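Asks: When you get a sec, could you build the whole thing from the sequences and use the hints?
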Amino acid sequence: MFFLLGLWLALAQQVQVRPYQQPARPNPNAPQQADLKPATVRGRVVAADTGEPVRFARVTLRLNAAASTTFSASADANGTYEIRNVDPGNYSGTASKAGFVTRNFSRGNNFAPLQLAEAEEAKDINFSLARAAVISGTVLDDREEPVPHAHVFAMARAYNGAQMTWQQRAQAQTDDRGQFRLHDIPAGRYYLQASYMGGAIAPHYAPTLFPNAKRLADAQSIKITGGEESAGIKITLHETTVYSVAGTVVDDTTGTAVAANINLQPEDYSAGGSSAFANTKNDGTFRLSEVAPGRYRVFINVRDMEPGSPTNRNVIRSLDVSDHDIDNAVFHVGPGSTMTGRVIADGGDLPPSLQVQMTSRDGNGNPNYSRGFTTQADGTFEVKDLNAGHVELNVNSRGLIMMQPNNPPTVAPATMPKPFYVRTITVNNQDVTDTGVIVPEQAATLEVTVTLDFHTGLVTGHTTDPSGNPLANATVAMIARDPKKRSIARYTNRSRSDAQGLFTIAGVIPGDYLILVWPTDDRGALFDPDVAAIAEKYATSISVSPDATASVDLRLSSELPDLIRTLVPEP
Amino acid sequence: MIALFIALLLQTSAARAKPAPAPALVRGKIVADDTNTPISYAAVELHRASDQTLRRAYTDSAGAFEISGVEPGNYMLRAGKTGFVTAGYKDPDDDTAPLRLAPADTKEVSLRLARGAVIAGTITDTMGEPVNGATVSLLRKIYSGGHAQYATPSSGFTDDRGDYRLFNLPAGRYYVKVTKNLTPGGAGLPVSPTFFPAARRQQDAAPITLRAGEERDGANVTLQDAALYDVAGRVIDARTGEPMVNAYLNLMPAFGGGMMYNDRAQPDGAFRLRNIPAGSYRINVSAGYADRARAPVNSTRTVEISGNTSDLVIRIGAGSTITGKVQSVAGAALPNMMVLMTQRLSDGSALRTTSGAVDPKGAFEMAGVEPGTYEIAVGVLGENVGDVVMTSAVLAYASSPSSARDVTDSAVEIGDTDALVLTVTVDASPATVSGKVFDGEAEGKAKALPRVPIALVSADAKKRAIYRYFHAATTKRDGSFELSGIAPGKYLLIPWPAEDSGQVLDPDVFPMVESLATPVTVEHGGKVTQDLRLTRALRTLADTFAQ
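Residue numbers (my numbering), protein chains in the order written: chain D, -7 to 563; chain W, 28 to 574.
Source of the hints: derived by calculation from the structure; they are not laboratory data. Here the structure is a predicted model, which means the values were calculated and not measured. Some clues are possibly wrong.
[Unchecked claim] Residues from chain D that keep clear of chain W, each with C-beta distances beyond 10 angstroms, as calculated:
1. Val51
2. Thr94
3. Asp167
4. Val322
5. Gly381
[What the hints assert, rightly or not] Computed footprint of chain D on chain W; a stretch qualifies when at least three of its residues, placed anywhere within it, have a C-beta under 8 angstroms from a C-beta of chain D:
6. 213 to 226
7. 287 to 295
8. 298 to 312
Just so you know, even glycine gets a beta-carbon here, dropped at the ideal spot from N, CA and C.
Replies: As structure tokens, then:
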């Protein structure tokens, strides 16, 4: 209001730029005109599949040191472009055109930046663009009426190591006719989800996955290739009744209600259900309204903890909402569980201390929390205040250096400790090696035994290109022959061949594997079961025995990269 | 005996539990505004903000709805359906009042919904190629307190075919504005914001008038390429002429939106920005002093880029000092005030405001004021900043009092290191203008008209555009209005039955309205009473310009 109180002047009079007075004699304070000898950049933009020019594509060079400095030009009808008057420097180059996937400049498989020297005439800075695909259709309600402002997401499976997560690759909103258009999508396999986020007056709709599923496990994928439009996709949003949830948070240590903040997250994130949160009143009671049916993880954070109380401040519980209001939910908070245990070594010396990483994930594989601990010299350990949930244990197999499951292990030098693998993990005498530890909601003591086995195997060999010539710096991937073991990170190994094409994989768990030259750089595509099914056909079978070396030579297949792209969109 | 026991029981339980208030009921009909036909399956929502209670019902095939068992209280009621513009219940006396439901109330509420209109089209570039991911905004001219602004009621993006579609629009007059920023990982030529059909400037834009429910296709726009310029210069210490060190410049469009550009200056203070699209910008400079005598500073300037510039010198100085006093008309000191200096951009929005408190003797001092063109105003210290006190005169001089200029209604230009003295005189008893608006057509005893917007504008063309001389109100239920805080002078009073009476100042409107206005003269401290007649001529004129 106050700032409208203004004198409406012809404020076309801006601050006057006072011209710098150029003095007659050379002035040491004169601005340094950099002796810029500008560079020129030339090249072509073509379609990756046909090699045809991409007419009028736009090309932009971005100075890596200051991304707001850009130099752009438009290609001509032949796809040829020229950018003049470019300052010397280090640049990223990008080319784009409607209907194609925007790409960066890269030489071969390498996205190295473009270094421009003064007065350099860079040429053949070329771009190869993949055609983008389109998915279009309509979202209707139960009465076959269009639903405007519905959100439609195209999701692809992404693998972070062995963990699958859902990656949103495109999104669109429906218009007044209920129509949506998801565009600029790289070729691949997608799952569609429609949801309504509120806004205009409308009922509550439960998110729906194409064709008509509630969970991603039941959804049907849509495979599209570059340049294709998958049209006429119809998704129906169903009205859902929402319910209220009221109750109390009780501290088991004191037996009384306690004030806390509550956050409900849908167990199956993938379906995009809504979360809800509420803070209890100081008497520990809460009320959540408009909760859609489903299973939820409840994250409880206790306010005002008594110092020294054994109750965990942050606790995870679960809640099911079905078809009625809940008036008397009780969430118990209390001390966490305790894990005591020891690590035993078979076939080698127990390292003086081991790093153990505990990771807890939700139903979709997304980590909730991660905690690490170190074992004593005799291999024993004790961990307190464990929260409820499913916990994976990962024992570091290289001493104190934390190793990610997918980092290509280097050739073990003589000084490094002998590699080992985790043979079994038991909890209260039950084998949980490949299933993980279930920490119950009710505080308990878990007795854990981890057995390490030092009788690992070694795999070595050479990588060659499709014609049989040695191939340097190639990625080698090895997966379990048993499909049931493929989602377990320990049974997947990667390595890189050296300048002569020689590769080595150490610390391999004895067993049967499939091994092949992997054509892409991505870390996770191989964990996708459908991708692994394709890879199987191009892989070599190999058996690895304890304390033994297996040798195999591998030839890169020329067909594999395109096959992978039919399932996994490029990043 | 048992009867006594039961009676006792009932009495006790009655004493313990207070009975809940009797629930209310809301029913009504939802019809289409243009055809008067009922709208079936429209959603009707009753919402209470205090505890987020929400009740929803749907109309039947006769357009009727009923929501029963409603806890008494204050609610907002809305109705909507795909294809119609959502409408809310409006109290006949007060637009902002909620629907009040007393215990056991039955309220009949009917709403008329306007059909939503659609504007759709394709955006191409100068090569004729579709533009993907452009932002298409609709602008509507609105008047807020006499000040024309452009509101953006709707915006969307183009798809890979360059197509956009904006829907559910109320009828009205719209301008289509298209922009496209270079995305951080994208490629493209910088384009100039372009108005339908292919204009670079708002004033050359062609409006699109939509009727209720109309679908207008083919609202295509050709995005114009931006002219790109290089801007080079230096950042120097205004005191010494030496370069500032570690200068970092950030350039952003003055009117919001668009790309930011930045550069770190060389040790000699020189900077160079490449390929900046033509336009108005704010430059923010942060830099340190070479001798580290003072802490690093931050300074904001405005600059117009309309060509290659090689000599943009930004002088960072200690700033100017503004001193002076605030006094009443009689010459008495006025404590508890605040002097406010506002620098504006050409669209009227404020770039920044600097303020200084007035001491008990009426004196004030503001140091470190950055260069720029400022308006002076006086506010009351500690109270709602919106309550600005009327200034009757502002005099300013730099060197000697005898050279003082009257800057009451103009802005003051402040340089790098100026010293300016202001004398601000405050009008402690501003005048009032009140009256009633009557129906101009009625024979015999005329009816007083409620809810009619009226405007009081200066009769002096030079003062008309200055906000100080513009006042507006809406007549109450009895048809009366009152305006206060009026500066002395000659004015014109106009009843204007439109969305906002500020529209009378629109350059297209005023010449036609001037002859229909009622002149009033306001003396210092006076109380003027003036009744107005809303004639057919005025009504017709307001309809013609209806937005």
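Asks: The structure should be examined with respect to each hint, and the outcome stated for every one.
Replies: Taking the hints in turn, this is what the structure says about them:
Distance check for D/Val51 against chain W: the nearest CB is about 6 angstroms away, which does not clear 10 angstroms, and the non-interface claim fails. Not every CB of chain W is more than 10 angstroms from the CB of D/Thr94 (nearest about 6 angstroms), against its label as outside the interface. Consistency note on D/Asp167: stated as away from chain W, yet its beta-carbon is not over 10 angstroms from all of that chain's, at 5 angstroms minimum. In this structure D/Val322 is separated from chain W by more than 10 angstroms, as the shortest Cβ-Cβ distance comes to about 23 angstroms.
For D/Gly381, the requirement that its beta carbon stay farther than 10 angstroms from each beta carbon of chain W is met, with the minimum near 32 angstroms. Counting residues of the segment 213 to 226 of chain W whose C-beta sits closer than 8 angstroms to any C-beta of chain D gives 5, which meets the bar of three, so the coverage hint holds. Residues of the segment 287 to 295 of chain W with a Cβ under 8 angstroms from some Cβ of chain D number 7, which satisfies the need for three, so the listed coverage holds. Only when three residues or more bring their CB closer than 8 angstroms to a CB of chain D does the claim for the segment 298 to 312 of chain W stand; here the count is 5, and the claim holds.
The structure shown violates the earlier hints numbered 1, 2 and 3.
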